[in-house]
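With the hints as constraints, model all of the structure from the sequences given.
Here are the chains, one letter per residue:
Protein chains: 2
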Amino acid sequence: MTRSALDAPALDQMFLQARTYNAFTGAISDQTLHQLYDVVKFGPTTSNSCPARFVFVRSPEAKAKLGPTLDQGNHDKTMAAPLTVIVAYDLAFFDKLPLLFPHTDAKSWFDGKSEADLTTIALRNSSLQGAYMILAARALGLDCGPMSGFDNAKVDAAFFAGTRIHSNFLINLGQGDPASIFPRSPRLGFDEACRIE
Amino acid sequence: MTRSALDAPALDQMFLQARTYNAFTGAISDQTLHQLYDVVKFGPTTSNSCPARFVFVRSPEAKAKLGPTLDQGNHDKTMAAPLTVIVAYDLAFFDKLPLLFPHTDAKSWFDGKSEADLTTIALRNSSLQGAYMILAARALGLDCGPMSGFDNAKVDAAFFAGTRIHSNFLINLGQGDPASIFPRSPRLGFDEACRIE
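One line per chain: the protein sequences are H and Z, in this order. Throughout the first sequence, residue numbering follows our numbering, covering 1 to 197 in sequence. Throughout the second sequence, residue numbering follows our numbering, covering 1001 to 1197 in sequence.
Treat the hints with caution; some may be incorrect.
As the list claims (entries may be wrong) - Quick list of in silico lysine-lysine cross-link-like pairs, DSS-like style, CA-CA up to 30 Å:
no.: 1; chain 1: Z; residue 1: 1113; chain 2: H; residue 2: 154
no.: 2; chain 1: Z; residue 1: 1107; chain 2: H; residue 2: 154
no.: 3; chain 1: Z; residue 1: 1077; chain 2: H; residue 2: 113
no.: 4; chain 1: Z; residue 1: 1154; chain 2: Z; residue 2: 1077
no.: 5; chain 1: H; residue 1: 154; chain 2: H; residue 2: 65
no.: 6; chain 1: Z; residue 1: 1077; chain 2: H; residue 2: 107
no.: 7; chain 1: Z; residue 1: 1077; chain 2: Z; residue 2: 1065
no.: 8; chain 1: H; residue 1: 154; chain 2: H; residue 2: 63
no.: 9; chain 1: H; residue 1: 77; chain 2: H; residue 2: 63
no.: 10; chain 1: Z; residue 1: 1154; chain 2: Z; residue 2: 1063
no.: 11; chain 1: Z; residue 1: 1063; chain 2: Z; residue 2: 1077
no.: 12; chain 1: H; residue 1: 113; chain 2: Z; residue 2: 1113
no.: 13; chain 1: H; residue 1: 65; chain 2: Z; residue 2: 1113
no.: 14; chain 1: Z; residue 1: 1154; chain 2: Z; residue 2: 1065
no.: 15; chain 1: H; residue 1: 113; chain 2: Z; residue 2: 1154
no.: 16; chain 1: Z; residue 1: 1154; chain 2: Z; residue 2: 1113
no.: 17; chain 1: H; residue 1: 154; chain 2: H; residue 2: 77
no.: 18; chain 1: H; residue 1: 154; chain 2: H; residue 2: 113
no.: 19; chain 1: H; residue 1: 77; chain 2: Z; residue 2: 1113
no.: 20; chain 1: Z; residue 1: 1154; chain 2: H; residue 2: 107
no.: 21; chain 1: H; residue 1: 77; chain 2: Z; residue 2: 1107
no.: 22; chain 1: H; residue 1: 65; chain 2: H; residue 2: 77
no.: 23; chain 1: H; residue 1: 113; chain 2: Z; residue 2: 1065
Don't read these hints as lab results, they were simulated from the structure.
Rendered as structure tokens:
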């Protein structure tokens, strides 16, 4: 069976008309976060390693920890957002492989690797999972404001002390205010970004 | 205006019932690759830096270059696939910022950074763009087989010699053969992967 393309409104919502928002309304419930994760979790990762860890920053106390880590240009909009996701990765992700890849000893493929190699693998795969979260949020009718303008070491100290978990990037979530988007910037043409061999 | 969630068949096609395939049929035309890139390109990246570069490996000559770089378990299925995408990143991505981020001198934010810092940024953002490609392919009715089991240095030598472009991961593309999927492996529960603060 050959599947069809999604219809035009769905492609618009996910990709073509979707935009990065700088202001949001609404509130994000626990139920919505569970729904979101239950979509995100099915995206593919290397050996099903699922190294991403997600902290949903919503309370005033959590926002107070996040605020001082943000670049100036990202501070006010993030403090005002209904919720901010910290997309992070666990360098000890391989400890979960007996659960996640049960049919063989996949843990042994990773647990002797160097910190640098583990970081490459975890950064690659948690970024995939962060992209799944952006697109899953859009698929569920939410809007996103992803950002990497913050101090990773400060976020790690504030949220992940005593672990091997490290921050990757942030996503503000909510109902986007159309007045808060910038005009769309250009993209690379096919021949600048792609090659068919 | 509050957007709705995509309908159940669309969520299934993108996430919930989508699977990693190991065998494919069909052929991928140039037109399909242009359609695919025209969806992928709109996904968000840091400062709209769009560091991903994509090589679509389709001809016997290109497959002959890719074959010797693959891990044994990925060789035959990749050689048999209609097409394999090399998702790569350009460490000199900032050279495109005058085009991509024209309203200020964004190039200066990056071009003095260390190779290690540029690699982190390019790996993060090209992985996002690789995930957009996986999900855009599914949205257009194609199936994917993403892989990181190959020799990155050999791919770089075979496809990107004399540039600052480096391979990230690979995606086989086509119409997936349902007989080629493995039973779905477990995922982490919400409380293992997520925390609400």
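Now the hints, each set against the structure:
no.	hint	result
1	Z:1113 to H:154	20 Å, holds
2	Z:1107 to H:154	25 Å, holds
3	Z:1077 to H:113	27 Å, holds
4	Z:1154 to Z:1077	19 Å, holds
5	H:154 to H:65	9 Å, holds
6	Z:1077 to H:107	24 Å, holds
7	Z:1077 to Z:1065	15 Å, holds
8	H:154 to H:63	13 Å, holds
9	H:77 to H:63	12 Å, holds
10	Z:1154 to Z:1063	13 Å, holds
11	Z:1063 to Z:1077	12 Å, holds
12	H:113 to Z:1113	27 Å, holds
13	H:65 to Z:1113	28 Å, holds
14	Z:1154 to Z:1065	9 Å, holds
15	H:113 to Z:1154	20 Å, holds
16	Z:1154 to Z:1113	26 Å, holds
17	H:154 to H:77	19 Å, holds
18	H:154 to H:113	26 Å, holds
19	H:77 to Z:1113	27 Å, holds
20	Z:1154 to H:107	25 Å, holds
21	H:77 to Z:1107	24 Å, holds
22	H:65 to H:77	15 Å, holds
23	H:113 to Z:1065	28 Å, holds
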